[in-house]
Structures are given as structure tokens and as C-alpha cells.
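Participant: For reference, the chains in residue letters:
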Amino acid sequence: MKIKRIGVAAIALAAAGALTLSGCTAGTPSSTEGASSSAVITTNGSEPQNPLIPTNTNETGGSKITESIFAGLVYYDAKGAPHNDVAESIETDDSQTYTIKIRDGLKFTNGEPVDANSFVDAWNYGAALDNAQLNSYFFEGIEGFSYDENVAELPGLKVVDDTTFTVKLTQPESDFPLRLGYTAFKPLPASAFDDLAAFGENPVGNGPYMLDGEGAWKHNEKIDLVVNPDYDGPLKPVNGGLSIVFYATQEASYADLQGGNVDVLDQIPTGALASYESEFEGRSVNQAFAGIQTFTVPSRLPHFSDEEGKLRLAALSKAINREEITDVIFEGTRSPAHDFTAPVIDGYSEDIKGADVLEFDADAAKDLWAQADAISPWSGTFQIGYNADGGHGPWVDAVANQLKNNLGIDASGAPYPTFAEFRTAITDRTIQTAFRTGWQADYPALYNFLGPIYGTGAGSNDGDYSNPEVDSLLDEGLSETDLDAANEKFQQVQEILFEDLPAIPLWYYNVNGAWSESVDNVEYGWNSVPLYYQITKSE
Amino acid sequence: MPSNTNTRPDQQHYVAPIEETPLVAIDSVKTDGKPSNLWIDAWHDVRKRPMFWISSALILLVIVVALAPGLFTQVPPNNDCQLANSNGGPAGGHPLGYTKQGCDIYSRIIHGTSTSLSVGIIVTVLVAVLGIVFGSFAGFYGGWIDAVLSRLGDIFFSIPYILAAVVIMSVFSQYASVWVISLAIGIFAWPATARVLRAEILRVKNADFVMAATALGVSRFRILLRHVLPNSIAPVIVITTISLASAIVAEATLSFLGVGLPSSTMSWGNDISAAQTDLRSAPQVLILPSIALSVTVLSFIMLGEVIRDALDPKARAER
Amino acid sequence: MAGYIVRRVLQAIPVLLGTTFLIYFMVFAMPGDPIVALFGDKTPPPQVIEQLRARYHFDQPFIVQYFIFLGNIFRGDLGVAFSGQPVSEILGATFPVTLRLAALAVFFEMVAGISVGLISGLRKGGIFDASALVMSLILISLPIFVVAFVAQFIFGIQLAWFRTTVGSGAPIQDLILPAIVLATISFAQISRLTRASVIDTEGQDFVRTAASKGLPRTRIVPVHILRNSLIPVVTYLAVDFGTLMVGATVTEGIFNVPGVGRTLYQAIIRGEGPTVVAFVTIMVLIYLVVNLLVDLLYAVLDPRIRYAK
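Chains as they are written, first to last, in the numbering used here: chain X, 1 to 539; chain P, 540 to 858; chain E, 859 to 1167.
What you were told as hints is all true, and nothing was included just to trick you.
Keeping only pairs whose Cα atoms sit at most 27 Å apart, straight-line, the calculated BS3-like set for lysine-lysine is:
hint : chain 1 : residue 1 : chain 2 : residue 2
1    : E       : Lys982    : P       : Lys587
2    : X       : Lys489    : E       : Lys900
3    : E       : Lys900    : X       : Lys310
What the hints contain is simulated information worked out from the structure, not anything from laboratory work. Every value quoted in this text rests on a predicted model; they were computed, and no experiment measured them.
Just chain X, with the same shape it has in the complex (with noise of 0.2 Å):
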């Protein structure tokens, strides 16, 4: 019931080898690196809400068969580095064209070869308009996508011979290969486009696993999958399979661990937040990933916009103790925000000027609400607008008492019955409140945190915000090909946001997850799924 959008997220898991040293108890063998078995993992999951194809799942239900069952050209380790896989080589002089060659002899496990044609053809099709894939978006930057006609094959992407193919992008971005590991940009096999609605069902893949035969989909309860044997990339599996049990809440799950039925979650329930780590003692995980917790006042709305705006929207954060609401609501399962990104990203800071208004003091909140009212004097309820189907609400009332006696207004959350009924709110821009927002990476980059929700008409810019000087900073920071010089212009970006506040930052994502007795070498990566192919199990 609870839309988690997936992206490639990194995660960096500092503990993760001091965990696996204590996960080890008195009769459990302990695990050598290498050693394989062949006992079947148990992990919990969601219904896929769409068909099995990469370009068509956005969601971790599906993404997480998806990412297990196809290889793509690069994958992210725990770090979020990314890494050849299937590719080669990537390369090019000017961010802009690309030359992409991939490994000799690959083949999907129903003997057909992984070839140029393979990717090129799959990401035209996710790219054409009439087939409308979800994740169509991620091919907006090469030369030739269109959302008004139809392209059926992309002037931008040249099949070179058997292993090599270029993207031509229509400008420099150099962060271009980072997203190669998304799921939108795995390879399909030919024979997939016979019958797409088939193969969505029955999936062939080139990844470390493969659908433990056809039906292995098992509708509404699980996904039994087993080792690909052909797989001979860094990502070989050291156990039997996975099989995935679709749960419809994390209570289910969690009930599960407990009565020894799965072996690995990477969800805990809100009413257990506060006592898994110690009773999963060194068998559970608790660290920062990929994502962003915010909430959005729109400058429609009225007294938010101009001067005005800026000081109401500063007294809003500064009237907001976030310690005390992820310690308390969350029990020390979010971390408090310092700016619009995650921790985990390379080139994050907490020290970008004027990050302190994100510091609770609620005098200096009270201070700047009066200079606001001097201008314009404040009525009414401020209110924050939320899906009521997905948890939000105990965050948001905390939220919303802080505020009520900080600055002594009256606020309250606003709850929408549905996921659907919130978003088409707020996408058709008839939401006359402020809303919670949020971000999962799509891959590990500043750029992914700042470009697609704070430029001017970009995809995920809800408030509409709009300024020039940010514009033009993220365009030079894509332009430059130099990491570091790249992540100076998204930084600089960073300090515009904090005195115009267009999201106001709360708290970043943890994945919280414990596994069972029976595994070992269990480490969360990206996007804050287990590694599942280096987790080994006792038999």
C-alpha cells in the first residue's frame, strides 16, 4: 500500500563488516568469502505493479526482481561507485557522445546473445512515445527523444558493430554513465518484442538469477528465483536462489522474521522501530541511504510568496525541532537534514552556507513569523497534505504540533484518502496547502537531487519554483567533466535554496532491516536492497 519509488540509490554501509562478524552465532558455520551453498534465500517484497520489463518498473516490488534477473552495463556497489558489468568500456572526450562496447559471449539464459542490438533496441523501445513505458523519462537526454510524436528508433543511438554502440546526447552530461545502472537501461533479448505482455510474465534475463522456470511469478504471494548459471560477472551469487515473498504489510514481514519464516528484510514496521536493533542484536541494519524526506509550500499559496514567502518559509524551518521527531516518531531511524541531498552521495557537505536555517530555534522562528506578519498579517490553519494510505500521518501531526507551539498557529495535517487522489493533487496543481515531498535517488549524484525537482519546469517541480541563477548552475555544473568541479556549481545551487527554500529539508532516509540466524554477510547497497547475491545461508 505504500509507493516507494526506487531509484539507483547508493548506500554506504560503514558497519556492514563489523555486522557481519557479530551476525555469527554458536552453531551457525561461519561463512568464508567464495564459499557458496546452494540454500534458497527468503526475502520479503511487493506484488510488482506492472509487468516485468525494465523500462515499464519504477517500483520496488518489480525492481527488485527486475535488478536481480537482468545485468546491465555498470552496477553500483554498497558505496554507490559504479562498476562495469556488462560493459567494457564507456567512453568519450566530451560528455556528449558515448562509446559504449560490451563484454564478448554474453548470453540471456535462453541462449540468445547480449549484444549491441540488445540494449539499443530495448532502450528505443522504453524511449518510443506510443509504447508510453514509465520510465521513458530517463531517455529524455539522448539525441532524438520527443514526447510529442512518436520516435521508433532514436537518431541518437548507433549500433557500431556486434559489442559497440554510441548515445549521442542533445547536450553535455557528464553524469551520463552514473545512471547507466538504473533499471530503465537493461538489455533485452529479441525474442522479447514477439510478445511483450508474455515475456512481462515470464521474463529472460542475462542477471546473476533467472524465474526458477515458467509460473515461477507466483501472483499476489512470491517470485521463486534460481542462479543463472551462465552469469559469469562480478555480481555471481555465493547461494541457491531468492525467493521473494510478496507481503502486503511490513507487520507481515516482520511477524515472519520473528517466527523464522524469511530470512532477510529490508523493511521494519513502525511499531517495531524501536526494538528490532536490540532484538535482532548484530542482525540488523540501521544506516542512512539515497533519499530525502521534505515538505513543499507552493509560492502560489497566499503569504508565501516574495519577501514575505522567504521569512515565513525560514520561520517554518526553524520552528521544526527535527531531532526530536526522528528520535521520537521514528525512533532514531531518520537522521535529521543538513541540506537538499543525502550523506551518502559523493560530494555531500553539511556545511553549506546558510544550512542553519535548518536549526531548530524557536525563537528566531517566532522573530521571523512577526516580521512576516509585519508585512501581511498571517489567519487561517497552516496545513501540510499527505496520502493517508502510506504512514505519513504520526510525522506529519508532529510536524504540525511543533509549529502550532513554536510559532503559535494553528496547523494540522491534511490527509488524502489515496496515493492517487494526492499526487493528481498535486500534479494538476489544485492542492491548496503544502505537501510532503520527498526523493530517492535515481543514481548517485548531487545533480539527481537538485536538477529534476529545483530547475524551472523540470519533471518533479511541484511548487513550480524558478530561479535563473539556479538554472544556469546546474546546466555548467552537467557541463563540466570534472567530478569535483561539477559538485562546487551543485553546492553553490545549494545555497540558493536555503534562503529561498522551495522544499524545506527535514530528514534523510535509513534503511532499516534485520536478517535471521541462517545468513550471513548480509550488507545493504544502493537504493537499500540487500546485496543479495553475496549473502550465504546455513543449511
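With chain X's structure known, arrange chains P and E on it following the hints.
Facilitator: Chains P and E only, in chain X's frame:
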């Protein structure tokens, strides 16, 4: 009045004066008195029972709390909620402690009474009225009336109440939400009552006293109202008194699913639903509003029990 | 009798049309665009939304959508869910599971409710009666999710008598605990109804006649009292069976039962009209059949009830 029927001297056999015989009871029909009335009889019976007065007093108390919460607590229920007090125990001026959000539990229970009681009563009345009208007409008249009314009930009953709640809550979101949520719960619950009553009427309408009334030329509708309905109403009373509780709890379940009242509206159901996550670490936050709910429901069930007993002439005759 | 059954079966047709129309209208009236929701917290390009809306006929007026759906049904095509799975397949997978769960729950509440109600009624005002009232009160004052979480924790995790959630294929032994939890909802209703009905029947002349004839209690209670008290109880059980087929959303979620309640809830939240309507259509059918059976059962329980008019 002095007797005027003295024994005559020539009288052969002694005949007791009519006043001295039990026959006087038969002859002296009070023609000016009110006819015996089931409801009045019930009232005479009911007011002799302590159970009636206890439950009535409790219900009265709950109603007073609902109407004038200010008499019972000075603490505003929704202001000054401090996370520092989260799930805290009793403290000075806060006899029952605090919720997860750090709000005063006692005050929230007092202020939530009106919402919860309203939901309970509106739903119960809705269910009882619709259920009695549809059920009695369908059962008593039978034929096409039964067909139409019963199938209508089937349609309503087949609609998943969550769907109904989502739709009704969204479409009417700008109106008074207590009424809306009561409508959402009640409009799909009445077919149960209707079917039970219909079944009971099917049974009762063949009883001898109904045939007697028909033979005496009493109109059909009057028979239904005066004879059949009172004799079939017992299960309806049982169901409706319990449905009062079910309605209040259903509101909590809807909150749990995210389609209930907004959390800014105080209600027991909302508080129970919100406390569910900390069920194991702070059970009192959930149990306290549940107790308020139980006591309210208990008093209504007791009252229903007394009334049901009083309405049942056979049960009364036994005592 | 046969004529009565035929009439009832024919009545199903307008009921089905009415229900599908009503449901389709409700799903349509649900605010929010299901296509927008497919994109999560990100805002999709409007052109892609339009494409997808056209694919699922969301761009058509309500009445057109309804007739497209109806037309497909007559061709035996119930449509396809967003996940690409045919709706008919979803129905085939989920209904048997929920049917088992509901039957089991009704069985539990029948056994527990009727026996507790019978004893309470026979010993009205006694200690058993009072404690039965208190117990049923506790159960109805707790929302189902509380009962479910507590039962799962105690019997699933602490005592490990049952599997914490329902395993693949939903075997009967895994369904016992959720069925007991479901049975607690209506336990109060069934036991109170039985009790009231038993008290009522006990005062009837035929019971006194039977007693004065010298019949033993062991015969009077089951044959004369219980049988004649069952009509409202049986009616309520049938109603409850219907409710359980539709409304086990919360319990199915907590115990991860791959049944109707959970799947239907997802479909409602996601705005998948055809799936919702298909589900409800089957539900109406089940409900109509159950009600017909119950009406026929009345005649068995009380020979005075006649239908052949």
C-alpha cells in the same frame, strides 16, 4: 357506596352478592380506561429494575461528557502536545498520561466522546431505521416487495465498505466528517439487520395471535406494527446495541486503513488506531480509550437487554 | 418450491447489472488519477499520461467505459490488471483462499457463539452469562487489527503454535489463526443473538408442553429449544459469511493471506476499475446463492414458513 342487594327473607338459596364473588372482576370492565399497551407495560416493568437505572445513568453521563467536555477537563486536547512527553505516564494535571504525540490522554478521551458517540448513535439509528423498514416490509408482505427490498439489500451488502468509505470520504470531504463517516459505515451495514428481522418476521407472522388479529379484521399494517413487529424485535435490539460498538470500532479500523477521520478530529477510534504501533511498548495508550469505548457499549447493551426483556410478554409472565 | 428457486435465480440478473453499474460508478467517482499514481512521488510527463489513459480507456466518459467493460464481460473477457495478469486469473487464485478462510471463520464463530449463547440463555443471569458478556464486550471493543496483532504475537511468535503468516498455497492449518481472529468480530453478535433467541424460545408453550410431557432436558434443549432459536442466528451467520468474503482486508493483510480482501484493497487503492468490478460481481453471486440457501433452510428449521405462493 352502601350495598342495596340485601338478602330477601323468602330466599331459598344463599346467593352471594356479586361484590363477594370473583365474577365482579369479569363484569367490571373498565370501558373508560386506556387499553393495555405493550410499550406502557414495558415501561412499568422496566422502571422497577436497577439495571435500567444504572445503564441509563451511565449513558446520561456519557452524553453529558459528549455535550460539555469542558466540565470534565480544562486541558485543551490538541494544543501543547510536546514530543518530550511521548507515551509518558501520569503526571500532575494529566491523570492518564500522554499519547505518542505527547497529548493528554484524559483530555483526548473526554473530547473524543462526542465524535465517537455520534458515530455510534448515527450509525445505529441509520442501521435500525433502514433495517427495520426494509426487513419488516420484506418479511411481512413477501412477494415482489420482498424480492425488490431484499435484492436491494444484496446490492448494498456486496459493495466493499472500504471502497464505499474511500469514495464517500473523498467526495464529501468538505462537509462535516462525523456525518460522512457514519454514512459510510451505516449505509452498507443495514442489510444485516434487515435480513435478521425479515427471518424473524417470516416465523412470527404464522403465529396464532396474528391469525386471530386477521380474523378480527385488523388491518395488515396495524398487525405488522402492533403484533408482528414487537414480537420479532428482540434480535434487532441485540444486533443494534452491539452495532453501536461495531460502529465506533469500525471508525478505528478505517483510520487504520487511512480512510478514517483526519487525525485533527478527536475520536476514540482515531486514538486507538494511532496507538496501535506502540501496542507492545505503551499498551495503556491504546487500552484507555478502549475502556471508554467498552463502558459506553456495556451501558447500551445493558439497556438493550432490559428493554428486550420488558418487551417480551412471555418472558415477563414467567417472573 | 422449484418455481420459487427459478424466480430467485432470475432476480440475480437485475441485481448483477445494478451492482456492476454502482461499483463502476464508485470507482470512477474516486478522486485521483490512477495513472499519475503509477509514477510514485515523481511527476510524469503529460504526454505519457495521455497515452496510458487512452490505453486503459480512462479518457472516455464514464458510461462508455462501463459499456466497454460490459461488452468485454459478455465475451468472457474480464480485463487485465496493471500488472498484466488477467483478472480472471486473479479471481481464480484468490477466491478459493478467501472461501476457505471465511468458511473456517464462520465455523468457529458458529461453534463458539452458539454454545456460549445457548448456555448463557439457559442459565440467564448466572456467572457464566455475565462472564460471557464481559468477554464478548472486550472482543468487540478492540479493533480487529489489535486482536490480530496480539494473536499473531502470542500464538504465532511466542508459543509458535501456528505459522506467523499464511504460507504458499494457503494451507488450512495456516488459516486457523486468522480464522479465529475473524471469528472474534462476530462472536459477540452470534452469542448474544443465540442467547436472546433461546430465552425467547424457552418461554414458548411447546417447550412447556414438552417439559410437562416429561421429556428429558437432553432432548428438550437440542430439539425444541435450539432448533427453534436458530433462525436469526443462521441468518446472521449467512450475512457474516458475505461480510467475510468482502471485508477481511485487515486480517488478510496482517496474516499475509493471498485472498480477496487484500487483493481487492490494492485494486481499490490503485483505482483498477475492472478488477474491482469483477471481484464484486463474484461476491454478489456468492451472496445471492447463500441467501437463497438460507431462505430454503428457514423452511427446514420452522415448517410454518412457506414460500410457494
